[in-house]
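Protein sequence lines, in the order shown, are assigned to chains Y and D. Counting from 1, one number per residue, gives the positions in the first sequence under my numbering. Counting from 1, one number per residue, gives the positions in the second sequence under my numbering.
These are calculated hints, taken from the structure and not from any lab test. Check the hints yourself; a few may be wrong.
Claimed, not checked - Here are the simulated lysine to any residue pairs, SDA-like style, with alpha carbons at most 25 Å apart: (1) K61(Y) with K99(D); (2) K11(D) with V29(Y); (3) K61(Y) with D161(D); (4) K35(Y) with K99(D); (5) K50(D) with V233(Y); (6) K81(D) with A370(Y); (7) K11(D) with A370(Y); (8) K50(D) with L127(Y); (9) K86(Y) with A92(D).
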Amino acid sequence: MQDDSTGSVPVVGASGRAVDRTAPGEALVSFDISKRQLFLLLVKNKFLTLLTFGIYRFWAKTHLRRLFWQGVEIGGDRLDYMGTGKELFLGFLLAIAILLPTSIAFSIGARVLDFLGPGWIVFNQFLYITLLYGFWQFARYRLWRYRLSRTAWRGIRFYLTGSAFTYAWKVVLLSLLCVATLGWAYPALQAFRLNYQLNNSRFGNGAFTYKGTVKGLYRIYWPLILGWQVVAVVLIFYLYHSELSFGAGGRPSLNEEKFKDDAPIIFTAAGIMFFFYFLFAFFARVWEFRYLVRHTCFGRAWFTSYLTGRSVLLIMVIMFAVGFIGFIGFAVIYGAIVFMGSHAAFFLMAFFFFFAYVGVDILKTMFLMAPLLKVICRTLHIHDFGVFEETASASVDMPKYGEGFADALDVGAF
Amino acid sequence: MRGAGRLFDGKSAKARDIALILDEDRFRIESPDCVLVRDGWCDDLRNENKNRRSANLLLSVAPDDPLRIELTDPVFVAEVKAYCPRLEARRAAPSGWWKPYFFWIGGAAASVLLIYFFVLPMLVSAVARIIPDSTREELGAKAEDIIIGSFARRGKLKQQDAVCANPAAMKEIDALVEHLGDGFKDGSPITSITVIRSKMANAFTLPGGRLIILSGLLDMADSPNGFAAVLAHEMGHAEHRHPMRLMISNAGVAAGLSLLLGDISGGTFIAGFGQMMISSSYSRDFEREADKTAVALMKKAGYNIAPMIPLFRKLEGQNEGKGFGPSFLQSHPGMAERIETLTKAGHEGGPAMSPDDWANIRTMCKKPV
């Protein structure tokens with residue numbers, strides 16, 4: 001056993017790759033967890049959650065996050081998740097004590113407005129959806145804050161400054177603008193979100209900076225925005241000219257005979273169009289991710305992502321394939337049980353329902369989240385990595401960040 | 001025992017090379033030049049690495065201390081594991097760990113109970129009063145149209161044929177309801193009465209004081225008093241604005257439960273069950289209130305309520321096999337309890353109408369329209 005080994009000795013990372021810890025240049029990121037461990041954890045989590053009527057879900061989440069966080073290796077060292085189930089649970093209780101009366105009063109108030117008349121119903125629905133949306137943004141910002149403040153690398157924590165309230169109302173305003181401009185304000189909304197969130201992100205005493213622009217996002221998104229508008233115009237134009245007939249007084253009605261004949265073609269065309277549109281939107285997301293990574297800095301350090309739409313698409317295809325096969329398998333077994341129809345069938349059914357119930361989680365976690373994280377990590381490069389090693393913990397007393405109950409408002413119920 | 005490791009002190013992201021020394025039941029962390037960095041009990045060391053893909057040990061030395069020691073040398077890792085058997089044990093909770101749980105579980109429970117027993121019922125009846133009469137009437141009228149439509153479809157009748165329109169019989173029912181309504185300070189809360197042609201035996205009220213009678217009830221009721229008592233019961237619902245209150249409280253309960261249980265982890269699964277239980281318990285209170293009103297109205301009108309008991313048994317029999325689960329899940333309170341209320345009311349008073357009038361009402365849906 002060596003007494004005085006030095007930090008400059010290359011250490012073999014979990015992935016078996018040699019990582020030179022003191023190299024000033026590039027650092028790699030990887031993600032690696034045991035599938036078996038993840039599977040067993042998911043089954044255990046679901047089982048205990050079901051058994052405790054959902055109370056265990058806070059601890060379940062914590063265990064899962066700890067595993068996922070510790071699977072991420074940056075420059076040879078793993079992330080650590082410092083949150084506890086207790087924090088989540090207490091945050092949830094606080095949310096209950098405060099939010100339950102609010103939400104009930106709110107929903108009854110909305111009901112009352114409904115009764116005032118048809119005009120009010122529209123206004124009321126609008127108000128309700130807007131407020132709900134705003135609250136959801138608020139909760140999401142606090143959720144990020146909580147998670148970042150519980151994430152540590154080499155013993156130094158991340159955190160998120162900024163005001164969740166400011167973030168929420170600005171997102172609501174910009175989203176309304178998006179609706180009003182038929183999507184043309186979307187890049188501005190997205191730019192604000194990235195700007196606010198990333199520029200408020202901290203690691204120890206260092207800050208992340210994001211230098212992306214609205215223009216940069218327009219370059220990614222303009223074909224998408226224009227695309228859906230072209231599709232909408234074509235569709236309306238076609239329906240107006242070919243499928244509608246105008247009766248007395250110019251009231252339009254569907255030309256049912258003709259529509260019946262044309263329907264298969266229309267729906268097939270719409271399906272194909274929708275599929276390609278979705279695919280394109282999906283690729284735009286990946287491009288946006290690369291854009292935001294490229295425009296984010298941490299002191300001297302900067303980042304590049306080589307994530308490709310193809311690799312993410314492959315993960316999605318595999319997930320859907322596995323899900324489909326699983327669904328068919330489940331349906332066959334379920335059908336067999338129903339067919340048997342004996343008393344034993346009832347118990348067997350409960351058993352299979354549990355597995356179907358866990359199955360969705362397994363599908364989502366093992367075939368989407370884990371592979372996605374893996375490919376995102378693998379394609380992420382950090383340049384001038386040394387600056388991270390020079391970071392000290394923030395001069396502010398660290399545990400105060402995100403320690404309050406309110407910060408633990410990390411409720412899955414939203 | 002001595003081995004090399006890396007130290008993260010929680011103050012800087014820079015790793016420091018250190019030596020971990022295990023001596024008896026104490027541990028020491030020393031810098032390369034043998035300066036003591038930290039020491040403590042071996043039993044306080046814990047492995048924080050939960051990822052089985054990594055064979056490294058990631059040691060913490062105390063609860064809430066960000067300091068970590070990473071050991072990568074597999075030989076030393078095995079030795080430390082053998083030396084410190086408590087590496088994977090759970091840390092003992094600090095004294096008073098239960099206080100925040102106690103405080104917040106208590107707070108949340110108090111909030112939920114307060115809402116369930118006081119705020120929601122109060123809010124609901126207040127809101128039911130605020131809502132303008134015109135709105136309630138409109139709502140009731142809409143609901144009535146829908147109900148008549150659905151019975152018409154079920155009986156394969158035209159919309160207008162689904163309603164039994166026998167002016168003479170309707171006049172008698174109106175008179176009966178009016179007479180019963182004299183028992184209220186402001187007279188009958190019923191604004192309209194509709195008899196729907198159906199095999200089902202039932203009567204219910206809609207918002208805005210609209211009373212609906214399903215004609216099966218006329219066949220099932222052997223005496224006019226049983227029929228009158230059922231109407232009095234429904235008038236009780238209308239007087240206390242139960243239909244409106246149930247509608248509003250359902251909205252509140254749904255909102256509360258979805259928050260409480262969360263959408264994931266089977267929350268929605270339990271939410272449906274919970275809503276059923278809470279709504280039905282509210283409606284059980286409503287039934288009790290309506291029964292009380294029925295007894296009072298019948299007494300004031302001078303009608304004997306006793307004939308309601310056999311009718312009531314028959315009505316329950318009709319529902320048998322349709323309901324499931326124990327009685328608390330069903331919206332009508334236990335048979336025994338309700339029959340007791342009715343029995344206590346005694347059998348004083350006379351018939352609610354003459355045999356001729358009753359015969360007229362009973363056959364009102366039999367005659368061709």
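Evaluation of the provided hints:
Proposed proximity of K61(Y) and K99(D) is supported: the alpha carbons are some 23 Å apart, at most 25 Å. Proximity of K11(D) to V29(Y) is assessed by CA-CA distance (about 23 Å); at most 25 Å being required, the pair is judged to hold. For the proposed pair K61(Y) and D161(D), the alpha carbon gap of about 60 Å is over 25 Å, so the pair is violated. Note on K35(Y) and K99(D): the hinted pairing is violated, with a Cα-Cα distance of about 38 Å set against a maximum of 25 Å.
This hinted pair does not check out: K50(D) and V233(Y) have alpha carbons roughly 55 Å apart, beyond 25 Å. Straight-line distance between C-alpha atoms of K81(D) and A370(Y) comes to about 29 Å, which puts the hinted pair past the 25 Å bound. Among the hinted pairs, K11(D) with A370(Y) is inconsistent with the structure: their alpha-carbon atoms are about 31 Å apart, more than 25 Å. Between K50(D) and L127(Y) the CA atoms are separated by roughly 46 Å; this puts the pair beyond 25 Å, and the hint is violated.
Only pairs whose Cα atoms come within 25 Å are accepted, and K86(Y) paired with A92(D) is accepted, the gap being roughly 14 Å.
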